[in-house]
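Please model the complete structure; the sequences and the hints are all you need to start from.
Counted the way UniProt numbering counts, the sequence shown spans residues 1 to 139.
All the given hints hold, so there is nothing to weed out.
Heads up, simulated EDC-like pairs for lysine to aspartate or glutamate below, C-alpha to C-alpha not over 16 angstroms straight-line:
(1) Lys-95 / Asp-61
(2) Lys-89 / Glu-38
(3) Lys-28 / Asp-10
(4) Lys-37 / Glu-4
(5) Lys-5 / Asp-56
The hints are simulated quantities; they were obtained by calculation from the structure and are not laboratory data.
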Amino acid sequence: MIIEKATSLDLEGICQIDSSVIGNDSRKEYLSESIEKETCIIARMDGKPVGFAVFDTSFYDNCFIWLVIVLPQFRRKGAASGLIQYVEKNCPTSKLFTSTNESNVTMQKVCESLGFVRSGVIENLDEGDPEWVYFKPIS
Numbered sequence: 001m002i003i004e005k006a007t008s009l010d011l012e013g014i015c016q017i018d019s020s021v022i023g024n025d026s027r028k029e030y031l032s033e034s035i036e037k038e039t040c041i042i043a044r045m046d047g048k049p050v051g052f053a054v055f056d057t058s059f060y061d062n063c064f065i066w067l068v069i070v071l072p073q074f075r076r077k078g079a080a081s082g083l084i085q086y087v088e089k090n091c092p093t094s095k096l097f098t099s100t101n102e103s104n105v106t107m108q109k110v111c112e113s114l115g116f117v118r119s120g121v122i123e124n125l126d127e128g129d130p131e132w133v134y135f136k137p138i139s
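What follows is the structure, given as structure tokens:
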């Protein structure tokens, strides 16, 4: 698996992954801007895009991973962990945060396996499915 910064040439593949997972292309402009800002990374297997992540430092001046999206057929093959570890290795702040819904037990396990700890809960983002915030100190 190769994980690297996404480029404008990756936009179409990233948008296809995103729309296949969430069911629409509503984040195309956001993803394009993230690629331009170099805050989007891509995971490839055999040269094909299988997942991506978006991060930045707008969360109280700390690095936050906003999205980790992996095609269903490539899950449980290390793509999500690899994307998160890439951000961790390149994290420009001493604290790294991410979040996931209470219902997303798989992502909770990924976070915990990578040394993240629960740091709080945000209610009312998704009706009846609180968002759990995770934290990891960066040395």
